[in-house]
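Given the coordinates of chain A, assemble chain B onto it according to the supplied hints.
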Amino acid sequence: MSIKVRIPTPLRSLTGGQSVVEINGKDIGDVIALLDKQYPGIKTRICDEENEIRRFVNIYVNEEDIRFKQGQATALKEGDEVSIIPAIAGGAQEEVGRWPA
Amino acid sequence: MLKIPKTIYDQMLAHAKAEAPLECCGLLAGKDGAVEMIYPMTNADHSPVRYMIDPKEQFVVFKEMRAKENDLVAIYHSHPHTEAYPSTTDVRLAYYPDAVYIIVSLENPNRPVMKAYRIVDNKISPEAFEIIES
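Protein sequence lines, in the order shown, are assigned to chains A and B.
Note that our numbering numbers the first sequence so that position 73 is 73, with each residue one more than the last.
For our numbering, add 101 to where a residue sits in the second sequence, where the first one is 1.
To be clear, the hints were calculated from the coordinates, so they are not data collected in a lab.
Ideal placement from N, C-alpha and C gives every residue a C-beta, glycine not left out.
Each statement offered as a hint is correct.
Stretch-level coverage of chain B by chain A, calculated; a stretch enters the list once three of its residues show a Cβ under 8 Å from a Cβ in chain A: (1) 147-155; (2) 163-176; (3) 179-191.
Heads up, simulated SDA-like pairs for lysine to any residue below, C-alpha to C-alpha not over 25 Å straight-line: (4) B:118 to B:182; (5) A:4 to B:199; (6) B:169 to B:135; (7) A:43 to A:29; (8) B:224 to A:15; (9) B:132 to A:87; (10) A:43 to A:54; (11) B:157 to A:44; (12) B:224 to A:8; (13) B:157 to B:137; (14) A:69 to B:157.
So here's chain A without its partners, still in its complex pose (with noise of 0.2 Å):
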């Protein structure tokens, strides 16, 4: 079954400048774990240490974000797209303590 993933400009230098390939995958959760076989440490780009999603990874199947279906246990099928979009985001405030002074 193949799904078409669009891989983000960040992390195209992981897929060797490739802005889409094919991964046959049968859920979500799939095509990260066969992404990362393929290319490894850009599964780490999305998820975090307990396997989550990153907060400011967003992910699509076709037009639907996954958190509004079933995160990574979303079910694909033959000709689906999907989309990898880390978020914009930013802000004036500082991060006071998070970084060594």
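What follows is chain B alone, placed relative to chain A:
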């Protein structure tokens, strides 16, 4: 060097002023550093000190950029009360090393200041830009 048409420069300033005291945010698209399109976006955080571009809007705009064969050239947001320099939050959440980060400061509301930076691997470097007549 980033080239920004005067009309788009003016739109960014107007967007920052219209959203104040909240932060505004948006995207600039084009090719080879030449800005062609501005996409004012919704700040999903609705905050005076934080922004997050509404993810669904971002998804739709990214699709449009692809269709037009444009790149994401720059990301802009405002600092309503502080200087036009990336905060620690801006640096930590800078996931797009290929884009220029533009900050509009309204610290002095009568004299807005716009500055541009690259943020790569937590390092900030100033980026020159040119306002071109459009």
